[in-house]
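Student: Protein chains in written order, with the working numbering: chain A, 1 to 238; chain B, 1 to 233; chain C, 1 to 469.
Note that these hints are calculated values from the structure, not bench results.
Every value quoted in this text rests on a predicted model; they were computed, and no experiment measured them.
One or more hints might be untrue.
[What the hints assert, rightly or not] Under the rule of at most 20 Å between Cα atoms (straight-line distance), these lysine to any residue pairs were calculated in the SDA-like manner:
no.: 1; chain 1: B; residue 1: Lys26; chain 2: A; residue 2: Lys2
no.: 2; chain 1: A; residue 1: Lys2; chain 2: C; residue 2: Arg464
no.: 3; chain 1: A; residue 1: Lys180; chain 2: C; residue 2: Cys195
no.: 4; chain 1: A; residue 1: Lys180; chain 2: C; residue 2: Lys325
no.: 5; chain 1: A; residue 1: Lys180; chain 2: C; residue 2: Glu59
no.: 6; chain 1: A; residue 1: Lys180; chain 2: C; residue 2: Arg78
no.: 7; chain 1: B; residue 1: Lys192; chain 2: C; residue 2: Arg78
no.: 8; chain 1: A; residue 1: Lys146; chain 2: A; residue 2: Val85
no.: 9; chain 1: A; residue 1: Lys180; chain 2: C; residue 2: Phe24
no.: 10; chain 1: B; residue 1: Lys192; chain 2: C; residue 2: Arg73
no.: 11; chain 1: A; residue 1: Lys146; chain 2: C; residue 2: Leu400
no.: 12; chain 1: C; residue 1: Lys35; chain 2: A; residue 2: Glu168
no.: 13; chain 1: B; residue 1: Lys26; chain 2: A; residue 2: Glu168
no.: 14; chain 1: B; residue 1: Lys26; chain 2: C; residue 2: Ala301
no.: 15; chain 1: C; residue 1: Lys81; chain 2: B; residue 2: Lys124
no.: 16; chain 1: B; residue 1: Lys124; chain 2: C; residue 2: Pro175
no.: 17; chain 1: B; residue 1: Lys26; chain 2: C; residue 2: Cys195
[Said to hold, decoys possible] Just so you have them, the derived chain B footprint on chain C, three or more residues with Cβ under 8 Å:
no.: 18; region: 63-69
no.: 19; region: 263-271
no.: 20; region: 335-341
no.: 21; region: 386-393
no.: 22; region: 421-433
[Stated by the list, open to error] Quick look at which bits of chain B chain C covers, simulated, 3 or more residues with Cβ under 8 Å:
no.: 23; region: 53-59
no.: 24; region: 90-96
no.: 25; region: 133-140
no.: 26; region: 155-166
no.: 27; region: 169-178
no.: 28; region: 198-204
no.: 29; region: 208-221
Where a beta carbon is used, it is the ideal one built from N, C-alpha and C, also for glycine.
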Amino acid sequence: MKVTLFVPCFVDQLFPHAAVSMVEVIERLGHTVDYPEEQTCCGQPPFNSGYWDQARAVAERTLRVFRDAEVVVAGSGSCGTMFKVFYPELFHHTPFEAEAKALAAKTYEFSEFLVKKLGVTDVGARFDGRVTFHDGCHALRELKLKEEPRQLLRAVRGLDLVEMKEAETCCGFGGTFAVKFPQISTAMDEVKCHSIVETGADVVVSNDSSCLMQITGYLNRHGQAVRGMHLAEILASR
Amino acid sequence: MSEGAPRSDAAAILGRIREALRLPAKPAGAAAPGHAPGSAEIQPWLPHVGPTFDDRVAAFAAQAAVLRAEFFRFPTLAAAAHYVRDLAAQEKWDRAATHDAPLPRALLAEGGVLSWNVAEGYDKQALEAAPVGVTGCEALVAQTGSVLVSSRASGGRALSVLPSHHVVIATADQLVADLPAAFARVTAAYGKDLPSLLSFVTGPSRTGDIERILVLGAHGPKRLTILLVDEAA
Amino acid sequence: MSTAASTFQHDATAAAADRPRRDFIRFALSGYFAKRRVTQDAYGDWQAARQAAAEIKFEAVNHLDTYLEEFTRNAEARGTKVFWASNSAQARDYILNLCREKEIRSIVKSKTMTSEEIHLNDALEHAGYGVVESDLGELIVQLRKEAPYHFVFPCMHLKRDEISATFEEKLGSAPTDDPEELTMIARRHLRQEFCRADLGISGANFLIAETGTLSITENEGNARLTAALPRIHVALVGIEKVLPKLADLALLLPMLGTAGAAQLLTAYNSLYGGPRQPGEVDGPEEFHIVLLDNHRTRLLADPEQRDSLHCIRCGACLNVCPIFKNVGGHTYGTTYQGPIGSVITPHLRGLQDWKHLSNASSLCGACTETCPVKIDLHHHLLQNRRNAVAQKPVGWEKALYRGFVFLMNRPGLYRLSGKFSPLGLRLQAVVQGTVLDPLRAWTKTRDLPPAPPKTFKQLWAERRAGGPR
């Protein structure tokens, strides 16, 4: 099938390798990846700050970009949530309501796409190392994805998956929250990173690059050796 | 009401409520679908209790153990009275406080325990200092291990909560399966004329306020002893 | 930034830096979580129970006028006096007037957050009445002249040595580090107060319309004593507490116990149907219920957030909230802390002054997930943000997002900006850690990711052109 990729703006700018890995994995499974180059952003930053008119202005354009896609894979839990949960609300009682609902219905987060749409848990990956998974809050609670990333990781050869105590606890990113309330954000980061280090994992994996940015930002500042990788990067490993 | 008394603002509040309710809200739990909104009838979502009397006794006993309430079952009142005699001697009760109901009075009389009756009026200090309050109850609830006391069946409001040891006696027919059954029982017994106090007592008084560590006997009784008698006669 | 907002930032900074206290709070809550899992597992279907509880509350709140009127009729038929207070002042005046008329000398209180809301204790003390808090946690914070830290566990932030020191200083007791001995000190101190008091003031967890009864959930037994011994009992209750039927308690009481205290039922769940009735041994001669609006009708008038009135004040949302656990209850600076507090306080006390509570959240959704009556808490925080902006946008922020829209709706311009971001990051590295650093809020405590050599768009364009992946 033709899979249309939505690459979040911060993944495009800061973590392009995560998106490259998504392309590799999807192609390895025999599907075509389309990437409409005019895409930019889902509109989450103004949305989360309460500027819904501005969010709509960006989202309207994004709706157009993906209008003709059959299946959309969103490269982060938070952008996936924008498409699936908040676009129908943003466009409620507007001329774009039907289109927003249509996009919501055909969008999948990356792990959701592999496990629920394709029915695949083994993508033929190999990664030697101990890994712990951080549940991004949007993917976990808005998209109800908990087992799917873990099923994928458990099928990776050589990978030792350990659960951290605070797997479901927010890392403290929360978009602009991270800079508007940096002291609270960092305290939450501290709790998360402590839990990660406690597992003895070599790598912390997540389905949200913004969480990884928050987590690795703290780990690196504190000289911890634990690396951060997007789920797709692990799955692309051979 | 005297002159300076504030006037109840019911009309204004009701007006604001009616105005507010002109706009309808989304149905309950709509943001988190997964269960079709159905009737709000209480279904057995709470812990299940088996159908037989022995099932109820077992469930009640299990809960009581977890709650650190003492629970004993006796075939006859005489057997329960025997237990109370021993308890009174062990605890060195001078006099037990009780009320005007046949079962607790018979229990204490047969057990040879001196008692006094709060129904004749009582001094708060005297009740505060009483070693034990012995009462009847409305029901025992198997599902939760609760004793349902009331101001009618348990000698008022203070007797079952002020002395530091509460002994309560119930008969087999009073052991109901669950909370809905308990509510049905009191409604059937009293209709609109409910006792002014009904209280589900679930274990001794407790607090976790200090470092979340469980301590029994915060203000209510530190010790709760529940006696179930198969036959009252 | 409002005064409350800047105080919040200041207090949050202090609290976030207090690692031992934060660790203690998390440790204290770990027992609750372990026990709650076990208690919840005993339910046949916890999710179905949540839905049923939500539906009961929906029915009650969306027919609030009907049920409040039914409640009042049935309560008054049993001799209860029901007073409807539109605001704090009316509620306080009623109670103060009652104290005067009935020549009250001594007052004992069981836990009621509504009384905190209307600052009742201050008003009573100002009028010369001594008020004794009988709930152990409330007593402790009252003696320390602190606000409650958590509306279910008022002193969860205190260690036993701190409590012992407070008792030594205020009650003249001997020092001890044994929780049982500390509890007994409070018990002994309060026994006399219960016996002495001629007025008992309580709150309530539920009002039952069908029977005109008031329901109080507790563990200690102090509310039972407050409503048993004094000659007058006054209960102060928010209007949203009403439930339609007595049988509704068969679900709501266990939900409250489970979510609030990880107990299937707390030690005492008591129903008060009136003052002492003919033939009863004891009980108050008079029973007054003060129904309080105090801007709850404002919440009611917002159909999007009306379900906030479903709240049964269990406190579970506080227990799961990472913000609450890291900044603590005092930082909120208002009666109701945590997610529910952050949702309703802007409605109760003013949106512009209190919107910062709705902003101080990562919107993780743990609160919504745990709420026993399915309030859509974290989405309400988002809605408060939207409402605050619609009412009064923040100038620079609006300009920033206008710029954001401009950029994001022009992919050519966006691509161009991508070329500059590695440069931007290099420039930023020069000023990092100094006051010139525009990303200082981040870089003070966290590293930035390294600038990748190419953006995804660049990589894809190369691939499209047949170049290296």
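Student: So if I understand the rule, the pair passes when the alpha-carbon distance is 20 Å or less; does Lys180 of chain A with Glu59 of chain C pass?
Tutor: Measuring from Cα to Cα gives roughly 39 Å; hence the hint is violated.
Student: Do the alpha carbons of Lys192 of chain B and Arg73 of chain C lie within 20 Å of each other, as the hint requires?
Tutor: holds, 13 Å
Student: Taking a Cβ-to-Cβ distance below 8 Å as contact, does the region 90-96 of chain B have at least three residues touching chain C?
Tutor: Answer violated; 0 residues pass the 8 Å Cβ test.
Student: Taking a Cβ-to-Cβ distance below 8 Å as contact, does the region 133-140 of chain B have at least three residues touching chain C?
Tutor: violated (count 0)
Student: How about the region 198-204 of chain B: do at least three of its residues have a C-beta closer than 8 Å to a C-beta of chain C?
Tutor: Three-residue rule met by the region 198-204 of chain B, so holds; n is 7.
Student: Is it true that the CA of Lys35 of chain C sits at most 20 Å from the CA of Glu168 of chain A?
Tutor: holds, 18 Å
Student: Within 20 Å, alpha carbon to alpha carbon, are Lys26 of chain B and Ala301 of chain C?
Tutor: holds, 13 Å
Student: With a C-beta cutoff of 8 Å, work out whether three or more residues of the region 169-178 of chain B approach chain C closely enough for the coverage to hold.
Tutor: violated (count 1)
Student: Taking only the CA atoms, is the gap from Lys146 of chain A to Leu400 of chain C under or equal to 20 Å?
Tutor: violated, 35 Å
Student: Would the hint linking Lys180 of chain A and Arg78 of chain C be met if the CA-CA limit is 20 Å?
Tutor: violated, 54 Å
Student: Does Lys325 of chain C lie within 20 Å of Lys180 of chain A when you go C-alpha to C-alpha?
Tutor: Holds: Lys180 of chain A and Lys325 of chain C sit about 18 Å apart, inside 20 Å.
Student: How does the coverage statement for the region 208-221 of chain B fare against chain C, requiring three or more residues with Cβ below 8 Å from a Cβ of that chain?
Tutor: Held - the region 208-221 of chain B has 12 residues with a Cβ nearer than 8 Å to chain C, which meets the minimum of three.
Hint compliance for this structure: hints 1, 3, 5, 6, 9, 11, 13, 15, 16, 17, 20, 21, 22, 23, 24, 25 and 27 are broken, all remaining hints hold.
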